[in-house]
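Enquirer: Residue strings, one per chain:
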Amino acid sequence: MASTDTSHPDYFHKVVDCQWACPAHTDVPEYIRLIAQGRFTDAYMVNRRSNVFPGILGRVCDRPCEPACRRGRVEEKPVAICRLKRVAADHKDEFRDRLPVVPEKKNGKRIACIGAGCSSLTVANDLMPLGYEVTIFEQFATAGGLMRTNIPSFRLPGSVIDEEISAIVDMGVDLRLGHRIDSMKTLLDEGFDAIFVGSGAPKGKELTLPGRQEGAANIHIGISWLESIAFGHVTSVGRNVLIIGVGNTAMDCCRSSLRLGATSVKVMARKPRQFFKASEWELEDAEAESVEIVINRSPKSFVVEGGRLKGMMFDVMEYGVDARGRITDERVTGEEFYPADDVILAIGQENAFPWIERDIGIEFDKWDVPKVDAATFESTRPGVFFGGDAAFGPKNIIWSVEHGHQAAISIHQHCQGKPVADRMPPGVNLQSRKMGMHEWSYSNDYSAVERRLVPHVSLKERFKKIDIEVELGFTAEQAAQEVQRCLNCDVQTIFDAKLCIECDACIDICPVDCLTMTPDGEEAELRTRLKAPALNVTQALYVSSPLMFTGRVMVKDEDVCVHCGLCAERCPTAAWDMQKSWVKWPHAVDQAT
Amino acid sequence: MTFIPKPKIAHPSLPKNDLGLTRRDYEGSLSTLCAGCGHDSITAAIIEACWGISMLPENLVKLSGIGCSSKTTAYFVSGGHGFNSVHGRMPSIAMGANAANRGLYYIGISGDGDSLSIGLGQFCHAIRRNVNMLYIIENNGVYGLTKGQFSASADIGTKAKKGEVNQQPPIDPVLLAMNLGAGFVARSFSGDKAQLVPLIQAGLKYPGFALIDVLSPCVTFNDHEGSTKSYAYTREHYEPVVEADFVPFKKEISTEYAPGEALPVMLHDGSRVVLRKLDDDYDPSDELAAHEYVQQHIARGEYLTGLLHCRPTQDSEFHALNRTPETPLNQVPFERLNPGAKQLGKLLARYR
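Sequences listed follow chains A and B, in order. Everything in the first sequence is counted per the numbering used here, starting at 1 for the first residue and increasing by one. Everything in the second sequence is counted per the numbering used here, starting at 1 for the first residue and increasing by one.
A portion of the hints provided could be inaccurate.
List of simulated lysine-lysine pairs, DSS-like, C-alpha gap at most 25 Å [what the hints assert, rightly or not]: (1) B:Lys8 - A:Lys498; (2) A:Lys434 - B:Lys6; (3) A:Lys14 - A:Lys310; (4) A:Lys77 - B:Lys6; (5) A:Lys434 - A:Lys14; (6) B:Lys8 - A:Lys77.
If you're looking for bench data, these hints aren't it; they were derived computationally from the structure.
The task is simple: from the sequences and hints, build the whole structure.
Expert: Structure (structure tokens):
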């Protein structure tokens, strides 16, 4: 096969599985190393550059990085990346003096952002230092969007949100709280140079079944109900509560119910557990609080007697599942009644734009959502951009942040009269970590320690108030152990075929047998005759150019390399080197300079 | 040499042998030799070979003398038995151990210094007595442990690291072993595991003295331009003539061999070594012809490699000649091993 083109910036980026999986491409191994050195503020700033809200995300991120983590393929569990992010945020010192300086003299361009959620705030964070004047319109009296209204305070304390938002607002953002935008047309008339719509996906899905109207007083839409709790409008709930749906919102609803006085909470799922949308750790946390998750129950009707909700009737379901785990058929085998004082619907949410007029050049598609470019986030009307859940429907905070970064680049281009599609490409820099014969400027030794568990407030204490944060964060000892589990995947193994004398030293020492010197071949066939067959085809083979003496090639299976550097230590000619990769993922500031 | 221990983790698709063991289970402690040392590759080849023939680790005896090579017995099969003897005296220990327990596999690791200088006499007599062992010489042409003086295997004209030219003729262990009547004589290269691993497997199974002279470049003192035992020189001047495949008992000899190419040599347990000729002119079963052929190539500065000479030697094998007991001495009852003071008195009386 062709020798690997490592000059393509994606190659080494992909080796850092966590960074590649992170929508905002956070340099995870770098900040974990900084935590290991006790440099918490530095670790926080590495995070902040990419994901803007490390304190928030360190608690509630959807963590696409963790399933991707190489450690999860070497042993059972990935590195607790998300919880380490919180360590950096909890232990940092003052960081505001490290934020980019916002120029006194503005560049004369005015930007409007609708909704003070994570995507709008990211746009402001990226554009304020470039001299833009950013105005954020927020319908509620507090900023934060769904982070504030939908995530219960026992998971994400308000003080954490306040700190990270104020760091952005204090750059001089014109934040108009309690200012709801009811007409796009009117806003357009105000003469902003660009408008960013970051209004989220605020509409919870309805479940239209018999009895819905009659029982309305005790049937609640999940995200609206969570919002009412966040603002103190709802302070109690019945003793028996049913949650319909089994996504992350459902998990927040059931745990909130327990804190508002419910004694029996059941989460009703239509399908078996492998089809649940909720993250595994959120399910675990709910179950730890004695929430019962009932599977294979499809809602049939609300049972209302004497004008009062008594419970719900469900169809009992049975599914046929094929070898690939997909549902092939479903059957109703009976029905079952579950009593309930309150029912909370958490079956999804949508974005809704009743306030955008349809005759102003912003086109909507057949599902009545605006047409948005996936790379530039521009709508069909130049100068109007969408991001976060408002762009492509509900995702999560970290995706919204990345949307904000990308939209900020587009807004900058637009305001400078340049094509929005004209964007700086990503890049990678490499820098050797060699310090001496056996010395590397990273901790290359493999630590066999297992994943640490974050301590929680005891079950007895945590229900006393709704805003007692359940997770306590890692102790100093736990953090010190957990950081050592990181495999430093960003310290890349770099091979120079011209220097290799084919002595086999690297191949013999590699603990995970990921190196082979062999005659070249087609990739599929080559994978089978490596020292350990490379069966994980999602992971690349790093193939060298032909070697000097025998014309064989050096093949590295990236899959389970633990980046211990032993190949480079054993190499007598430094044909292998360990080099830190710095992925340059451009933001508006890079585009501007 | 490396400072951190090799992590105790493995690739999930690492193959297992008949005993359910992976190559990692045949490793020893971490090498303290120089990075890139040929000896480490030979160690890896031994690990691969033992794993490949599903050797029970406790059935292997590792013996060595003194030198860089002799350190390496610590670096493979930590579950085996080991004896690190006096300089050049490994063959004596091997012979004694062999006499006491013929049920084990014996592998002696030596170097060009240990075998061709201080231990030359021992080496010759081990061949002469046809001790049932695999004798590996890790041959780099220099005394690495004492900073790179020429050894007895240094070729005429080869240059030391500081430019000194060797003028004394080398002792070639392959020619010497053929002269002394060894039944299994091979030469290989640390950088060619495809050739070396089957040779080691065949040598371990061979009933009698098996010698593999492995060119093993000294990356610190003998890997420069002008050296005839550097990686570069060896790669350019080595010529495989007879490959050996080890075919375990039960397994059919595959029909992939070209006619006249495959020469099976039967081993005592029913397994076979199949010699695969790469050069039509060469006859590895003819000792005299082989000797001459090897010598001609040496004169041309070429390293002929492969199983250069192989013939069955059951009759002259050490155990047959010396009528050693089938039962290992550690399993013979104490009363039989020690006939008692009365019997000893009778025995001594015969010499009075």
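Enquirer: A separate judgement is required for each hint: does it hold in the structure or not?
Expert: Checked hints:
1. Distance hint between lysine 8 (chain B) and lysine 498 (chain A) is unfulfilled; the C-alpha atoms sit about 31 Å from each other, more than 25 Å.
2. Proximity of lysine 434 (chain A) to lysine 6 (chain B) is assessed by CA-CA distance (about 19 Å); at most 25 Å being required, the pair is judged to hold.
3. Our distance criterion of 25 Å between C-alpha atoms is broken by lysine 14 (chain A) and lysine 310 (chain A), whose separation comes to about 54 Å.
4. As the CA atoms of lysine 77 (chain A) and lysine 6 (chain B) are separated by approximately 21 Å, the hinted pair is consistent with the 25 Å bound.
5. With a C-alpha separation of about 22 Å, the suggested pairing of lysine 434 (chain A) with lysine 14 (chain A) holds against the 25 Å cut-off.
6. Between lysine 8 (chain B) and lysine 77 (chain A), the direct Cα distance comes to roughly 17 Å. Compliance with the 25 Å bound is thereby established for this hinted pair.
Hint compliance for this structure: hints 1 and 3 are not met, and every other hint is.
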